[in-house]
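Protein chains in written order, with numbering that gives the first Met the number 0: chain P, 0 to 170; chain F, 0 to 183.
If you are wondering where the hints come from, they were derived from the structure by calculation, not from laboratory data.
It is possible that some hints are incorrect.
Unchecked claim - Only pairs whose alpha carbons sit at most 27 Å apart, straight line, appear in this in silico DSSO-like list of lysine-lysine:
#1 P:140 - F:92
#2 P:155 - F:92
#3 F:76 - F:12
#4 F:146 - P:161
#5 F:179 - F:12
#6 F:92 - P:161
#7 P:69 - P:12
#8 P:155 - F:179
#9 F:12 - P:161
#10 P:12 - P:134
#11 P:12 - P:38
#12 P:140 - F:146
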Amino acid sequence: MTPLEKVQEKFGKDIVETHAFRGDETAVIRPASLLAVAKFLKDTPELDFNYLMDLTAVDYLFFAGGRIQKEFRFEVVCHFYSIKHNHRLRLKVQVDDREAPDGRKHPEVDSLTSLWASADWYEREVWDMYGIRFKGHPNLKRILMYEEFVGHALRKDYPFDKRQPLIGPQN
Amino acid sequence: MSLNSPTGFFSTKITDALNWARKFSIFQYPFVTACCGMEYMSTAASHYDVDRFGAGFPRFSPRQSDVLFVVGTINHKMAPVLKSVYDQMCEPKWVVAFGVCTCTGGFYDNYSTVQGIDTIIPVDIYIPGCPPRPENVLDGLMKLQDKIQKGEQSRTLYDPNAKTGRPAELQKYTITQHIKNIES
Ligand code: SF4
Numbered sequence: 000m001t002p003l004e005k006v007q008e009k010f011g012k013d014i015v016e017t018h019a020f021r022g023d024e025t026a027v028i029r030p031a032s033l034l035a036v037a038k039f040l041k042d043t044p045e046l047d048f049n050y051l052m053d054l055t056a057v058d059y060l061f062f063a064g065g066r067i068q069k070e071f072r073f074e075v076v077c078h079f080y081s082i083k084h085n086h087r088l089r090l091k092v093q094v095d096d097r098e099a100p101d102g103r104k105h106p107e108v109d110s111l112t113s114l115w116a117s118a119d120w121y122e123r124e125v126w127d128m129y130g131i132r133f134k135g136h137p138n139l140k141r142i143l144m145y146e147e148f149v150g151h152a153l154r155k156d157y158p159f160d161k162r163q164p165l166i167g168p169q170n
Numbered sequence: 000m001s002l003n004s005p006t007g008f009f010s011t012k013i014t015d016a017l018n019w020a021r022k023f024s025i026f027q028y029p030f031v032t033a034c035c036g037m038e039y040m041s042t043a044a045s046h047y048d049v050d051r052f053g054a055g056f057p058r059f060s061p062r063q064s065d066v067l068f069v070v071g072t073i074n075h076k077m078a079p080v081l082k083s084v085y086d087q088m089c090e091p092k093w094v095v096a097f098g099v100c101t102c103t104g105g106f107y108d109n110y111s112t113v114q115g116i117d118t119i120i121p122v123d124i125y126i127p128g129c130p131p132r133p134e135n136v137l138d139g140l141m142k143l144q145d146k147i148q149k150g151e152q153s154r155t156l157y158d159p160n161a162k163t164g165r166p167a168e169l170q171k172y173t174i175t176q177h178i179k180n181i182e183s
């Protein structure tokens, strides 16, 4: 049984969509179940995903030049790898600006820092670049840009040539 | 003995001699941040040999150097570091912007890159190119030597109000305007 099938078997109702091609497996899951699925991936001996390879995000605003409209805006993508079993799995979580909980401006997903320490800096980068908050992160502050930076630079509605007030010239 | 003679002959000649000595003993501080560093190394190494111009001795302390070579992309997080390195250098000091990234930001017209280091510190010599050829760098170095010989420094052009060493006519010049100028 591949890791994807195992996840499907256990969390069938939380899975929105799956994709598999020659051992390259992806599961799109509901945001609320992210932590539970991740814990399952890490703690099950046959899966043993002990390495969080990457955690990043995608902004689907103006996707394909605006021709494709998705009903969500951001997707948080996590790549897992098991050093012991040499297999991989990709988890995706769809979050939206609009459905941000308790009136906050930023979408929020659960932090994986309690399971993989390496999630710390990845999540700070995603917060810095996309403005997605991670619930339970111990130190969620900008990692690449300076503190005075306004906005989140890799959001598609951030003007690519916008100048920040700290250093000129202004535009 | 006083340096001021009634004709001023002695004092001007001694300044000339001082500047002559300065231009052939450039202690450079290479502030290398990106790919231009490779080209800088090839210029500094024996094939092109900046030591012929007396500039072969990089000092890795700003307090001991008199020319700041800014080599490579400067991003906003690096900008305060560059500024404080510049501020630590003793007078007289000169700045060389090496590569288009330091001259104008180059093609990095984005959220993270400083659009020309002359928005932070005054620049004496601009060496464009991505990266500039060693001949180009040597040409810039010789122009810098001319400048040192004449006793000129862009630092004196620095405008504390606009916080820039950019000449006044260029301060308001934006990229949009530039594109319009090209198209018209
Ligand atoms: S000018 Fe070109 S070679 Fe030099 S730092 Fe910029 S990108 Fe790199």
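Verification of the hints:
{"no.": "1", "hint": "P:140 - F:92", "in the structure": "38 Å, violated"}
{"no.": "2", "hint": "P:155 - F:92", "in the structure": "43 Å, violated"}
{"no.": "3", "hint": "F:76 - F:12", "in the structure": "44 Å, violated"}
{"no.": "4", "hint": "F:146 - P:161", "in the structure": "36 Å, violated"}
{"no.": "5", "hint": "F:179 - F:12", "in the structure": "49 Å, violated"}
{"no.": "6", "hint": "F:92 - P:161", "in the structure": "32 Å, violated"}
{"no.": "7", "hint": "P:69 - P:12", "in the structure": "21 Å, holds"}
{"no.": "8", "hint": "P:155 - F:179", "in the structure": "26 Å, holds"}
{"no.": "9", "hint": "F:12 - P:161", "in the structure": "51 Å, violated"}
{"no.": "10", "hint": "P:12 - P:134", "in the structure": "23 Å, holds"}
{"no.": "11", "hint": "P:12 - P:38", "in the structure": "17 Å, holds"}
{"no.": "12", "hint": "P:140 - F:146", "in the structure": "46 Å, violated"}
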